[in-house]
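A.B. asks: Here's the letter readout for the chains.
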Amino acid sequence: MIAGQLPALVVVVPLAAAPLVVLVRRPVAAFAIATAACAFSFFAALLLAAEVAGAGPISYALGSWPPPWGIEYRVDAFNAFVLVLVSGAATVVAPYGWRAVAAEVRRDQLYLYHATFCLCVAGLLGMAITGDAFNLFVFMEIASLASYILIALGRDRRALLAAYQYLILGTIGATFYVIGVGLLYLVTGTLNIADMAARLPAVPDLRPVLAALAFVTVGVSLKLALFPLHFWLPNAYAYAPSAVSAFLSATATKVSVYVLLRFYFGVFGLPLVVETLPMPQILLALSIVAIVSASLVALWQTDLKRLFAYSSVAQIGYITLGIGMASREGLTAAVVHLFNHGVTKGALFLLVGGVALRAGGAGFASLRGLARAMPLTALGITLAGLSLIGVPGTAGFVSKWYLVIGAIEAGRWWLAALVVATSLIAVGYVWRFVEAAYLAEPGPATPARGEASPVMLAPAWLLVAACLWFGFDTSFTVTSARRAAALLLGGAP
Amino acid sequence: MTRLLVLRIVAKILIPFMLMFALYVQFHGDFGPGGGFQAGVIGAAAIVFYALIFGLPAARRMVPEPVVETMVALGVFLYAGVGLLGVALGGNYLDYFVLAADPVAGQHRGIFWVEAGVAITVSGVMLKIFYMFAGRRRDLEEGR
Numbered sequence: 001m002i003a004g005q006l007p008a009l010v011v012v013v014p015l016a017a018a019p020l021v022v023l024v025r026r027p028v029a030a031f032a033i034a035t036a037a038c039a040f041s042f043f044a045a046l047l048l049a050a051e052v053a054g055a056g057p058i059s060y061a062l063g064s065w066p067p068p069w070g071i072e073y074r075v076d077a078f079n080a081f082v083l084v085l086v087s088g089a090a091t092v093v094a095p096y097g098w099r100a101v102a103a104e105v106r107r108d109q110l111y112l113y114h115a116t117f118c119l120c121v122a123g124l125l126g127m128a129i130t131g132d133a134f135n136l137f138v139f140m141e142i143a144s145l146a147s148y149i150l151i152a153l154g155r156d157r158r159a160l161l162a163a164y165q166y167l168i169l170g171t172i173g174a175t176f177y178v179i180g181v182g183l184l185y186l187v188t189g190t191l192n193i194a195d196m197a198a199r200l201p202a203v204p205d206l207r208p209v210l211a212a213l214a215f216v217t218v219g220v221s222l223k224l225a226l227f228p229l230h231f232w233l234p235n236a237y238a239y240a241p242s243a244v245s246a247f248l249s250a251t252a253t254k255v256s257v258y259v260l261l262r263f264y265f266g267v268f269g270l271p272l273v274v275e276t277l278p279m280p281q282i283l284l285a286l287s288i289v290a291i292v293s294a295s296l297v298a299l300w301q302t303d304l305k306r307l308f309a310y311s312s313v314a315q316i317g318y319i320t321l322g323i324g325m326a327s328r329e330g331l332t333a334a335v336v337h338l339f340n341h342g343v344t345k346g347a348l349f350l351l352v353g354g355v356a357l358r359a360g361g362a363g364f365a366s367l368r369g370l371a372r373a374m375p376l377t378a379l380g381i382t383l384a385g386l387s388l389i390g391v392p393g394t395a396g397f398v399s400k401w402y403l404v405i406g407a408i409e410a411g412r413w414w415l416a417a418l419v420v421a422t423s424l425i426a427v428g429y430v431w432r433f434v435e436a437a438y439l440a441e442p443g444p445a446t447p448a449r450g451e452a453s454p455v456m457l458a459p460a461w462l463l464v465a466a467c468l469w470f471g472f473d474t475s476f477t478v479t480s481a482r483r484a485a486a487l488l489l490g491g492a493p
Numbered sequence: 001m002t003r004l005l006v007l008r009i010v011a012k013i014l015i016p017f018m019l020m021f022a023l024y025v026q027f028h029g030d031f032g033p034g035g036g037f038q039a040g041v042i043g044a045a046a047i048v049f050y051a052l053i054f055g056l057p058a059a060r061r062m063v064p065e066p067v068v069e070t071m072v073a074l075g076v077f078l079y080a081g082v083g084l085l086g087v088a089l090g091g092n093y094l095d096y097f098v099l100a101a102d103p104v105a106g107q108h109r110g111i112f113w114v115e116a117g118v119a120i121t122v123s124g125v126m127l128k129i130f131y132m133f134a135g136r137r138r139d140l141e142e143g144r
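Chains as they are written, first to last, in this note's numbering: chain U, 1 to 493; chain X, 1 to 144.
Keep in mind the hints are simulated off the structure, nothing from the lab.
C-beta: ideal position from N, C-alpha, C; glycine also.
It cannot be assumed that every hint is accurate.
Simulated restraints, written as ranges between beta carbons of each label pair [claimed, not checked]:
hint, chain 1, residue 1, chain 2, residue 2, range
1, X, V67, U, A32, 43 to 49 Å
2, U, E441, X, L56, 56 to 62 Å
3, X, L19, U, Q109, 56 to 62 Å
4, U, I168, X, E65, 58 to 64 Å
5, X, D102, U, P454, 55 to 61 Å
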């Protein structure tokens with residue numbers, strides 16, 4: 001009985017955990033409930049992914065109202081993969097929060113952090129699993145509101161401003177999305193995503209559909225921080241508590257990428273997006289600017305957290321580059337990178353959080369000679385940094401490999417060269433860390449000898465190990481991404 | 001305080017009716033316009049009115065902060081709990097059909113508790129926001 005209910009429970013358990021955490025209030029119990037709920041979701045997501053891989057898509061009618069009238073939860077090869085990423089990241093970050101957040105958030109507010117974290121997880125999982133365009137908006141709002149709060153909990157007072165900035169831009173993004181959905185509802189009379197896709201080709205008047213496409217594109221691009229709509233991201237990631245930066249960078253933008261892909265290929269369809277409109281060309285141009293400019297900006301940052309935040313903007317550029325290719329290899333690369341970058345950036349932010357806690361900040365002054373003070377942390381950042389560059393043997397290499405193959409298959413040699421060339425900028429900013437940590441003498445701001453607490457180091461190293469593991473064994477990531485790409489290209493009407 | 005005599009007496013007369021009207025809107029939601037959200041807002045407005053006339057400390061004594069915060073969480077939990085009850089009784093999540101022997105009665109029962117959850121959370125959130133804003137200004141004045 002429970003197995004059939006997993007599509008609902010994967011979202012409902014963290015959702016119900018949030019008020020429960022508020023009711024119990026005690027930090028220890030709050031932490032235990034939140035972590036258990038995330039772990040349950042991860043377990044459920046893995047079971048769902050296995051079931052989908054074996055038996056095909058699952059449809060779940062919420063409240064037993066049959067779709068397209070009721071809300072449908074639909075799990076297929078693509079969103080099962082996203083569910084695994086989101087719930088997995090939550091399960092790794094939740095125990096990390098035990099020490100990290102306790103140091104950054106006031107003790108009487110700790111239970112509110114755990115409750116909000118559960119809400120954010122539930123919102124992101126809901127966005128991924130739902131098959132209803134309006135339900136997706138509701139979950140988008142749950143996840144966004146929760147993330148504004150989580151960012152504002154940062155120790156630095158600038159976190160408040162960063163959260164406010166994100167609130168304004170995020171709200172505009174969500175509003176644009178819902179306007180787009182409204183237009184689609186107007187012309188198709190349905191909110192169910194699959195039903196919408198089936199009815200859209202019969203719509204005689206193209207203009208509202210094009211307007212809907214524009215609104216959805218801009219709205220979701222704000223959420224996923226596509227250049228030039230990325231201004232909220234660097235501040236939000238830099239000033240949020242470390243656990244929050246790690247979780248959001250690993251999941252929030254990735255789920256938005258999923259939504260964009262779902263709408264482009266699952267609703268509007270390839271002919272409209274590729275042939276009627278020059279969307280691939282627009283995405284390619286924006287992605288290239290994002291990669292080059294954000295990587296260059298990252299080079300000049302004086303704070304490691306901000307550096308990695310700008311690098312996130314660049315890495316999202318690689319994902320949208322893959323989407324812009326609109327080919328099987330390109331989409332595979334986009335979906336693989338969505339996962340690999342989530343794991344890599346999660347590891348980096350968790351490790352930087354450890355440094356920030358010991359040194360009181362992640363400025364380059366406090367990184368001098370870090371390899372001697374915190375050898376495991378420095379090694380972890382270096383290894384995850386290699387994955388960020390895309391060195392063979394790391395997860396990052398796999399994504400870049402498929403991007404390059406996709407570019408070559410499309411006959412765009414210059415694009416392949418560009419992907420390789422921009423990786424060199426990544427070498428530049430990762431080298432800045434290596435130089436400070438390994439080659440410089442410890443300065444006055446360097447933390448005293450001693451690692452971060454094992455509760456923080458273990459989850460971070462788990463993700464570093466995952467960076468390396470998914471660089472060697474690509475059977476899970478690439479197979480899932482291939483299936484997702486096939487689904488997106490074949491599922492389009 | 002004597003200048004507020006009229007207001008105080010009017011408030012004392014009105015507040016019970018406001019609370020009553022909240023309950024009316026709550027239960028009438030089954031048959032016509034109304035429901036948990038509106039009822040929650042009206043109920044909270046009665047307390048806000050009380051606080052405006054008799055002062056924030058009096059309102060905080062009547063509905064203390066911990067109660068308000070519990071209400072915020074309890075309503076959501078009640079809503080989610082009704083959904084999970086559907087699962088426990090062999091239906092899907094938020095399945096009201098299985099809540100009673102007769103499916104229509106089940107729908108009735110399900111929406112009743114869900115709306116109760118909505119009302120509790122909405123009035124809790126309204127009061128929480130009011131307390132935070134009102135308390136903030138008070139703290140500033142005391143600081144001066």
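A.B. asks: Give me the numbers of the hints this structure contradicts, sorted from smallest to largest.
C.D. replies: Going through the list in order, the structure violates hints 1, 3, 4 and respects the others.
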